[in-house]
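So the protein lines, in turn, are chains B and Z. Mapping of the first sequence onto our numbering: position 17 corresponds to residue 17, and the numbering continues sequentially without gaps. Mapping of the second sequence onto our numbering: position 80 corresponds to residue 80, and the numbering continues sequentially without gaps.
None of these hints come from the bench; they were simulated from the model. Cβ coordinates follow ideal geometry from the N, Cα and C atoms, glycine included. Hints may contain errors.
What the hints assert, rightly or not - So these bits of chain Z aren't anywhere near chain B, every CB distance computed over 10 Å:
no., residue
1, Arg17
2, Pro39
3, Ala57
4, Leu62
5, Lys64
6, Ser83
7, Arg87
8, Pro102
9, Glu123
Stated by the list, open to error - Covered, in the sense of this in silico footprint (three residues per stretch, anywhere, with C-beta under 8 Å from a C-beta of chain Z), are these stretches of chain B:
no., stretch
10, 78-90
11, 124-132
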Amino acid sequence: MSSTIEFESRSLMSHQGPLVAERSTGLNRSIATTARPWKAAIEKLYSWWNDPVDEEDGYAPPDRNVLAKAIKYAELLQEHEKAPPHRVVQDAGGGIIFERRVDSDGVEKYHFWSGGQIEYIQMKNHKVVARVPMD
Amino acid sequence: MSGEPIPIDDSEILYRRIPVSKEWYQKGIVYAEAFEPRPEELTGLSLFRKRFKSIEAVSRGLAKQGYFVASLKVADIRAAGISVVPRPETSDGWDDAHVELPELTGNVRGSDSAEEMQSKLAEIAMQLPVEGPFVRTSQ
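Isolated chain B, as found in the complex (with noise of 0.2 Å):
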């Protein structure tokens, strides 16, 4: 499993999409500012691996295989500085999203997936204008 995360981080880090690349204009920069910093982040992944919570209302929480590759990449943009997500929260399928506001008609989101994909997407006037598989 650490190859394949190693590989996936490799990925990941060399992707340039926008949530990587936040410093460039006004605007991001507020942004960046404003937002969830990296460290509650983390520390909202580390309490779903230590305090597992049971099946709500028929939506299955993320696994631990789907929490360590979460709190991997979470790790690792911190580390290289990217700019951190307004939210983390969990899918309806035991997937775990981070999720970026880029301005009031864009969000930019990593999605792990239950089945252990990862996908960045980019999201533009509810259109779909970038899909990148992570791994």
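Got chain B; can you put chain Z on it based on the hints?
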């Protein structure tokens, strides 16, 4: 009660239940995950008709921290190109209030079309007040 499915009028309001613990509704914002189908929801995302079920009844469920309930106008959903169909036959029996969005199923989770529908639905859900949280008071 059973019989024929009752057609859904454009003027109707639908309710969508959102578990509080998932943080899919926060600080006045409904997020797209509130409309993400579970993997096993294979016939469509479930909502309920205000015409046939109270918001209090919709909010009754097993979620420990309770639910928020979002309201959506059928006309807005259809205007966004998303179908709404009555599905009164449920695992708990006949329920005239139960409807589904048949294009949004567990089979298409994560697809571009699903992401886009979820995003549109989240915006539609913010046209009307989100009620709650409704917290379970008894077992």
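Quick rundown of the hints versus the structure:
no. : hint    : in the structure
1   : Arg17   : violated (8 Å)
2   : Pro39   : violated (5 Å)
3   : Ala57   : holds (15 Å)
4   : Leu62   : violated (6 Å)
5   : Lys64   : violated (7 Å)
6   : Ser83   : holds (17 Å)
7   : Arg87   : holds (17 Å)
8   : Pro102  : holds (17 Å)
9   : Glu123  : violated (7 Å)
10  : 78-90   : holds (count 3)
11  : 124-132 : holds (count 4)
In this structure, the earlier hints numbered 1, 2, 4, 5, 9 are contradicted, and the remaining ones agree with it.
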